[in-house]
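Residue numbers (full-length UniProt numbering): 1 to 416.
By construction, these hints were calculated from the structure, which means they are not laboratory data.
For clarity, every value in this text was computed on a predicted model and none was experimentally measured.
Just to be clear, a hint being listed does not mean it is correct.
To be verified - Distance condition first, Cα-Cα at most 20 Å in a straight line; then the derived DMTMM-like pairs of lysine to aspartate or glutamate: (1) K320 with E345; (2) K16 with E65; (3) K115 with E105; (4) K163 with E122.
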Amino acid sequence: MSSNDLIVSLDIGTSKVRVIIGEISNGAINIIGVGSADSDGIRKGAIVDIDQTVQSIRSAIDHAERMVGITISEVYVGIAGNHIALQSNHGVVAVSNEDREIGEEDIERVLQAAKVVALPPEREIIGLLPKQFLVDGLTGIQDPRGMIGVRLEVECTIITGTKAAVHNLMRCVEKAGLRIAPSGIILMSLASGMMALTKDEKQMGTVLADIGAGATTIAIFEGGSLAAVSTLPIGGDYVTSDICYGLKTQTEHAEKIKLKYGCARVDDAASDVSFKVMRVGTNAEKEFSQPDLAAIIEPRMQEIFHMIRQEVKRLGYLDKLNGYVLTGGSVTMPGVLSLAQIELESSVRIAVPDFIGVRDPSYSSGVGMIQYVTKFVRYRGSAASPKRAAKSKAAAPAAAKPGVFEWFKNMFKEFI
Numbered sequence: 001m002s003s004n005d006l007i008v009s010l011d012i013g014t015s016k017v018r019v020i021i022g023e024i025s026n027g028a029i030n031i032i033g034v035g036s037a038d039s040d041g042i043r044k045g046a047i048v049d050i051d052q053t054v055q056s057i058r059s060a061i062d063h064a065e066r067m068v069g070i071t072i073s074e075v076y077v078g079i080a081g082n083h084i085a086l087q088s089n090h091g092v093v094a095v096s097n098e099d100r101e102i103g104e105e106d107i108e109r110v111l112q113a114a115k116v117v118a119l120p121p122e123r124e125i126i127g128l129l130p131k132q133f134l135v136d137g138l139t140g141i142q143d144p145r146g147m148i149g150v151r152l153e154v155e156c157t158i159i160t161g162t163k164a165a166v167h168n169l170m171r172c173v174e175k176a177g178l179r180i181a182p183s184g185i186i187l188m189s190l191a192s193g194m195m196a197l198t199k200d201e202k203q204m205g206t207v208l209a210d211i212g213a214g215a216t217t218i219a220i221f222e223g224g225s226l227a228a229v230s231t232l233p234i235g236g237d238y239v240t241s242d243i244c245y246g247l248k249t250q251t252e253h254a255e256k257i258k259l260k261y262g263c264a265r266v267d268d269a270a271s272d273v274s275f276k277v278m279r280v281g282t283n284a285e286k287e288f289s290q291p292d293l294a295a296i297i298e299p300r301m302q303e304i305f306h307m308i309r310q311e312v313k314r315l316g317y318l319d320k321l322n323g324y325v326l327t328g329g330s331v332t333m334p335g336v337l338s339l340a341q342i343e344l345e346s347s348v349r350i351a352v353p354d355f356i357g358v359r360d361p362s363y364s365s366g367v368g369m370i371q372y373v374t375k376f377v378r379y380r381g382s383a384a385s386p387k388r389a390a391k392s393k394a395a396a397p398a399a400a401k402p403g404v405f406e407w408f409k410n411m412f413k414e415f416i
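Please work from the sequences and hints to get the whole structure.
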């Protein structure tokens, strides 16, 4: 990548749409712009209203553009949900060069060969995650470029999703006036894992639990790679809902109270902290203490952690784990870490991005996407990112149309 490239990540969540602009300078990432907007049209992590989702995306993009002074035209967008599935596959090709040196073309061919897999008609491939390459039977190779061999193989994990979910996501981004970069749909669990987990944690076996507003995404890493993913339809919104009923107040007030005074454990709550609440159906305010609020929050947070543990057990990894790492907007509440350690019966830590302006677990996925793109997504020309110097949309020169020979060549390549 050249020294001034920008990468823009788009995280469409249940409560917020977040846009993060990262500048790549000599291989280092600098976060230079952040935009966010309230998310309408998303329920439990799934798009239920395209027009409202488009409006939320435009608001977040506009916020980020004004902060940095550029016009964003291309983004990398995250995808998650219970429709995501993983399956293992194997690809084999013969090395094409006469000198038998493995090059980029051979790696691309073996990855394409690994994508040849029978899928139900309603599913499609979102991405490919190589576990290891094999050169003439030699295993454990992470990057075979420059090696000499006759036979190149890859063992990989194929990430699939339902066509409806993928195309609805693409439709929302396109209707917001943006285009998705090549290989620009990224699994959120991979992105969060890139930011939140160390190399040893991925190797030894770790659960990454991203507790958002409408859903909790569980990603299990083992042997250095993503082993399993799952989504639970429960998150911070359920805590807010409990506060609504418990304090008999409106959702908007309950959310503000949760953010300002919320505590996940009654034992950690301060009895001298109190607040007043406007109750539904009356103009009178009633006073509550922080332990009163924690008594409502703690059972729901206990339930979330209990469901995470049960899901890990269902997936068959409960006895293989080194620990848990928590991230997402709902883990910022005081007392969450100590409660998680009790309920999960394991070592637990909270992952926070280490960049100025985004030091909040709710930005983990967006920052992780930028790190993932920088490391794994091949850079494809200057159009892949807006330039920082651009103050307005410049008319890009039209790409040269391929000739008839190139068209036939590309068409047959898909079938070989």
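Query - Violated constraints from the hint list, given by number and in increasing order - result: Every hint satisfied by this model.
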